[in-house]
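Participant: For reference, the chains in residue letters:
Number of protein chains: 2
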Amino acid sequence: MNEIIAKIMDHRSIRSFEDRLLTSEQIEVIVQSAQAASTSSFVQAYTIIGITDAVKKAALAELAGPQSYVENNGHLFMFCADLHRHEIVAEMEEMDLSEPLESTEKFMVATIDVALAAQNAALAAESMGLGICYIGGIRNHLPEVTKLLNIPSKVIPLFGMAVGYPMGQSEKKPRLPIENVYHENEYQPDKEKFIAQLEKYNDTISGYYRKRTNAVRKDTWTSQMVGMITKKSRLYMKDFVERQGLNKR
Amino acid sequence: MNEIIAKIMDHRSIRSFEDRLLTSEQIEVIVQSAQAASTSSFVQAYTIIGITDAVKKAALAELAGPQSYVENNGHLFMFCADLHRHEIVAEMEEMDLSEPLESTEKFMVATIDVALAAQNAALAAESMGLGICYIGGIRNHLPEVTKLLNIPSKVIPLFGMAVGYPMGQSEKKPRLPIENVYHENEYQPDKEKFIAQLEKYNDTISGYYRKRTNAVRKDTWTSQMVGMITKKSRLYMKDFVERQGLNKR
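Chains as they are written, first to last, in the working numbering: chain Z, 1 to 249; chain E, 1 to 249.
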């Protein structure tokens, strides 16, 4: 296993950071690493906003949870799917692109683009001995987040990323069995085998929690998933995304 | 610059591969690297399908372009956003999750999840001296692709990735100026500055093409973008995604 794969495999989310800011050089390398990722048809459909203003960080920490590590970290990045740049491009080229930019396909392109970039940023940060945590919680309150960050139409802040010097270590959660996630030539056709894999995984996950919590917590992966999904969270998203001028047609 | 960041920065898409297959160990490490990425609320909402069947590879190469490197490579991965697994989870837990799984939010979660995983896979492959190319072209014909791969409801193949031993080297295209992509504390408010950045970038890109093509090709980034976006491609996507039971509410 080479050094890069070892670092990839060693990933865990870090939610507690030393009181030590990233340097502007570190931030620049992280953003440039993000930009080095593949991008669909060279579209580069994302913007990254670094939050240094203490009032804004505190507000985002509140909106995302509250989650203290959104406020207390070495640097806070916000990753936005961005097709507003292409509206400006259209103006520069004296064209009207508003309709095609509103398509579901273009929304998918921008969402994939920003996630590829973000994962490069995550790994670049981790390679420097920093820890990271993705902040999906900002999607709890996107209308407030977009207002706070002065986000124009055709832009959606998809997630944040808190980066910093790790305070303590967290554990790596075991992933789904590889045979459940990786299929050959077609989608796994055997449902019983599929369920057996998930049952085995449930044992792994409840064992993981039992061990970590002195047998207090015993939940399985499937029970966690059902609990999370039945919360029906963020049901405003479809309307919100459409109001931002994306995913409309 | 450490070895990991050097590898991230050195990325370029490879579209021509030696006639040499990946080993099953290499494939396994790539998939495990994908699985090590962060995942929203531990949802792991993706499936990766490895295509080894020559007939299927040829069909996908045709559907995606035609693009010969989809057929001729060391291994072909298909990355799918997957909430079908969670339908099965719901059955196992005797719950009905069909409505919440149909939300735009969950579609975004799955799309982000699979992209984070894919970028880890890309980097793991590149760390082993392999080259990669994302294949967004499969989205030209998703009804045919889903049929070919026996894809169930709540699953969307988002992109492929051709991996293999690079034949020759390709060049790295210069990215948008960092100040255009990275803003501080709020979305860049100054539109004139923004346009000036894009104009400067246009010079960079047309210079890049002039140099590579002996001044035959001179296109700018903004002209490329307008050309690509006015093609209005993949307008079936919204209906297709909804028919797969995603992004509906």
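If you are wondering where the hints come from, they were derived from the structure by calculation, not from laboratory data. Some clues are possibly wrong.
Since the list gives no way to pick one copy over another, a pair counts as held whenever it fits inside one copy or between any two copies.
Listed next, the in silico PhoX-like pairs over lysine-lysine satisfying Cα-Cα at most 25 Å (straight line) [to be verified]:
#	residue 1	residue 2
1	LYS200	LYS172
2	LYS147	LYS193
3	LYS57	LYS172
4	LYS57	LYS200
Participant: At most 25 Å between CA atoms: does that hold for LYS147 and LYS193 within a copy, between copies, both, or neither?
Facilitator: between (48 Å within a copy, 21 Å between copies)
Participant: Can you tell me if LYS57 and LYS200 fall within 25 Å by alpha carbon in one copy, between copies, both or neither?
Facilitator: neither (41 Å within a copy, 32 Å between copies)
Participant: Please work out whether the CA atoms of LYS200 and LYS172 approach to 25 Å or closer within one copy, between two copies, in both situations, or in neither?
Facilitator: within (18 Å within a copy, 44 Å between copies)
Participant: Between copies, within a copy, both or neither: which fits LYS57 and LYS172 at Cα up to 25 Å?
Facilitator: For LYS57 and LYS172, the Cα distance exceeds 25 Å both inside one copy (27 Å) and across copies (35 Å).
Going through the hint list in order, the structure does not satisfy hints 3, 4.
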